[in-house]
Amino acid sequence: MKTPIELDDLSCEIKNQVQEKVPDAFLDLCLTCGTCTGGCPGSELLDMDPRKLLRMVLLGMDKEVAKTDWTWVCTMCARCVNACPMKINIPKLVYNLRNMWPRENRPKGIRASCDQHIRAGNAMGVPTDDFIWTVEDVAAEIRETQPEFKDMKVTVDRKGAYMAINQNSREPVTEPDEMGPLWKILHQVGADWTYPSVMWAGENYCLFLADEEGWRYILEEFVYHIDNNLGCEVVVNTE
Amino acid sequence: MKKFNIPHKFEFITIIELYAQWIREGKLKVNADWNKDLNIKFTAQDPCNIVRKTQGQKMADDLRFVIKSIVGEENFIDMIPNGVNNYCCGGGGGALQAGFPEQRRAYGKTKFDQIVTTGATYVFAPCHNCHKQIEDIGEHYGTEYHVVHIWTIMCLAMGILGENERAYLGPDLAEFGL
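Those protein sequences? They're chains A and B, same order as listed.
Sequential numbering of the first sequence, starting at 14, is according to the numbering used here.
Sequential numbering of the second sequence, starting at 774, is according to the numbering used here.
For the record, the hints were derived by calculation from the structure and aren't laboratory data.
Don't be surprised by glycine CBs; every beta carbon is placed ideally from N, CA and C.
You may find that some hints are simply not true.
In silico DSS-like pairs for lysine-lysine, Cα to Cα no more than 30 Å straight-line [to be verified]:
1. B:LYS905 / B:LYS841
2. B:LYS802 / A:LYS105
3. A:LYS65 / B:LYS814
4. A:LYS100 / B:LYS841
5. B:LYS809 / A:LYS100
6. A:LYS100 / B:LYS882
7. B:LYS905 / A:LYS80
8. A:LYS121 / A:LYS34
9. B:LYS826 / A:LYS166
10. B:LYS800 / A:LYS100
11. A:LYS80 / B:LYS776
12. B:LYS782 / B:LYS826
13. B:LYS809 / A:LYS105
14. A:LYS166 / B:LYS782
15. A:LYS172 / B:LYS841
16. B:LYS775 / A:LYS105
17. B:LYS882 / A:LYS105
18. A:LYS100 / B:LYS802
19. B:LYS831 / A:LYS76
20. B:LYS826 / A:LYS34
21. B:LYS776 / A:LYS65
22. A:LYS172 / B:LYS776
23. A:LYS15 / A:LYS65
24. A:LYS121 / B:LYS831
25. A:LYS121 / B:LYS782
26. B:LYS841 / A:LYS166
27. B:LYS800 / A:LYS166
28. A:LYS80 / B:LYS882
29. A:LYS105 / B:LYS841
30. A:LYS163 / B:LYS826
31. A:LYS172 / B:LYS775
32. A:LYS34 / B:LYS775
33. A:LYS105 / B:LYS800
34. A:LYS34 / B:LYS782
35. B:LYS802 / A:LYS163
36. A:LYS172 / B:LYS802
Each pair of labels, with its calculated beta carbon distance range [as the list claims (entries may be wrong)]:
37. A:THR45 / B:HIS781: 40 to 48 Å
38. A:LYS172 / B:THR916: 28 to 36 Å
39. B:ALA947 / A:GLU161: 20 to 28 Å
40. B:PHE838 / A:GLU226: 22 to 30 Å
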């Protein structure tokens, strides 16, 4: 015979842990309305959806929750929490589930990008000298072949520049010519800008990996460089 | 930085806000005349990270203002839903490198259908994850649209897009204005 679930007797370790870290995720408030799930493109993938995941967390199905790969299929896009009448923060739950995975078991691709970023300042692991060389090389070619940009200034680590601009590492590494149009726009408006040489890349895979230590390290290095070495007033995230 | 309470002296903004500001101030002299007769249709992806998750609808509005300024109001077709309510493309959160390509593409089918419904030939994707994912699902589900950066079309509109800066343009624009 089936017996009712005694909610008070459940042991919900994951729920408690997440609630302690992010009390404003409001995991307890779910009305099971399914608005999150109805508007989530990740619903049904791997036989999972946001409402189901939260139900499992609340029912203490910790073993199943801890091992579902859906944790890595969800993109933490926050459409669910945006629509939720109780503002339950599923993305924060998913982030914390990722964080509970032993680091070595988290997806290799994301881990490698995070590791490269910590080591080299960008997810593709390109050495800083190569980045600077590529930037200068592409800039020189534009000045030479496009006469209206013969005075275009492109610098790395120019102290006192008003703006520091980040660049996704895909450009300098695999498609350097794509940097040109951005520089030309900056030149047209007379922007006073520079690239930082430290943590210069726009991406952040340590966030995706839920590697708090790595994420914090990248930010701290970046902030120190901007504030103490360059003194830029504005940091601009590019496309 | 907010998450870790790291103090910093600078302000953190996005290039899209700046594009919008520079156009409004007249510093960036752009118009959509180049597309008046061509009538090439564009749509845009609102990246979750800069729209829904941080800057909100204002960012979505700035994005549209910039795009309409360079392709023409009548040549911009929005996806529905959009802005803060937009569907994620499925490439975010590390999904492109998470090792679940089948699920990632199934996730992206929602976005793919949205794009195809607009009938646009070009999709602006001002985020590298969105850019890669939207390209990938286009190839996977087999429809010819092109994914572009704003900087490409902006330079095209100003007549300053170089010969080797056109990797993402389709054959219709590959030599336009050269």
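Now for the hints, and whether the structure bears them out:
1. B:LYS905 / B:LYS841: Roughly 23 Å between the alpha carbons, so the hint for LYS905 (chain B) and LYS841 (chain B) holds.
2. B:LYS802 / A:LYS105: violated, 42 Å
3. A:LYS65 / B:LYS814: Roughly 40 Å between the alpha carbons, so the hint for LYS65 (chain A) and LYS814 (chain B) is violated.
4. A:LYS100 / B:LYS841: violated, 33 Å
5. B:LYS809 / A:LYS100: Violated, because 45 Å separates the two Cα atoms, which is more than 30 Å.
6. A:LYS100 / B:LYS882: holds, 26 Å
7. B:LYS905 / A:LYS80: Judged against 30 Å, a Cα distance of about 28 Å means the pair holds.
8. A:LYS121 / A:LYS34: It holds: about 26 Å lies between the C-alpha atoms, which stays within 30 Å.
9. B:LYS826 / A:LYS166: violated, 34 Å
10. B:LYS800 / A:LYS100: Given that 30 Å is the threshold and the Cα spacing comes to 41 Å, the pair is violated.
11. A:LYS80 / B:LYS776: holds, 26 Å
12. B:LYS782 / B:LYS826: It holds: about 23 Å lies between the C-alpha atoms, which stays within 30 Å.
13. B:LYS809 / A:LYS105: violated, 46 Å
14. A:LYS166 / B:LYS782: Within the cut-off at roughly 25 Å; holds.
15. A:LYS172 / B:LYS841: It is violated: about 36 Å lies between the C-alpha atoms, which goes past 30 Å.
16. B:LYS775 / A:LYS105: holds, 15 Å
17. B:LYS882 / A:LYS105: Holds, because 24 Å separates the two Cα atoms, which is no more than 30 Å.
18. A:LYS100 / B:LYS802: With a Cα-Cα distance of about 42 Å, the restraint between LYS100 (chain A) and LYS802 (chain B) is violated, given a limit of 30 Å.
19. B:LYS831 / A:LYS76: At roughly 42 Å apart (the allowed maximum being 30 Å), LYS76 (chain A) and LYS831 (chain B) break the hint.
20. B:LYS826 / A:LYS34: holds, 19 Å
21. B:LYS776 / A:LYS65: Roughly 28 Å between the alpha carbons, so the hint for LYS776 (chain B) and LYS65 (chain A) holds.
22. A:LYS172 / B:LYS776: Distance of about 28 Å is within 30 Å: holds.
23. A:LYS15 / A:LYS65: holds, 21 Å
24. A:LYS121 / B:LYS831: Measuring from Cα to Cα gives roughly 36 Å; hence the hint is violated.
25. A:LYS121 / B:LYS782: violated, 35 Å
26. B:LYS841 / A:LYS166: holds, 29 Å
27. B:LYS800 / A:LYS166: Cα-Cα ~18 Å, so holds.
28. A:LYS80 / B:LYS882: Given pair LYS80 (chain A), LYS882 (chain B) holds - Cα atoms ~25 Å apart, limit 30 Å.
29. A:LYS105 / B:LYS841: Violated, at about 35 Å.
30. A:LYS163 / B:LYS826: violated, 40 Å
31. A:LYS172 / B:LYS775: Holds, because 25 Å separates the two Cα atoms, which is no more than 30 Å.
32. A:LYS34 / B:LYS775: holds, 15 Å
33. A:LYS105 / B:LYS800: violated, 40 Å
34. A:LYS34 / B:LYS782: The given pair, whose Cα atoms are some 27 Å apart, holds under the 30 Å limit.
35. B:LYS802 / A:LYS163: Roughly 20 Å separates the two Cα atoms, so the pair holds.
36. A:LYS172 / B:LYS802: holds, 29 Å
37. A:THR45 / B:HIS781: 40 to 48 Å: Given about 41 Å between the Cβ atoms, the range holds.
38. A:LYS172 / B:THR916: 28 to 36 Å: Because 48 Å falls outside the window, the suggested range is violated.
39. B:ALA947 / A:GLU161: 20 to 28 Å: holds, 21 Å
40. B:PHE838 / A:GLU226: 22 to 30 Å: violated, 40 Å
Violation of the numbered hints given earlier is confined to hints 2, 3, 4, 5, 9, 10, 13, 15, 18, 19, 24, 25, 29, 30, 33, 38, 40; the remaining hints are satisfied by the structure.
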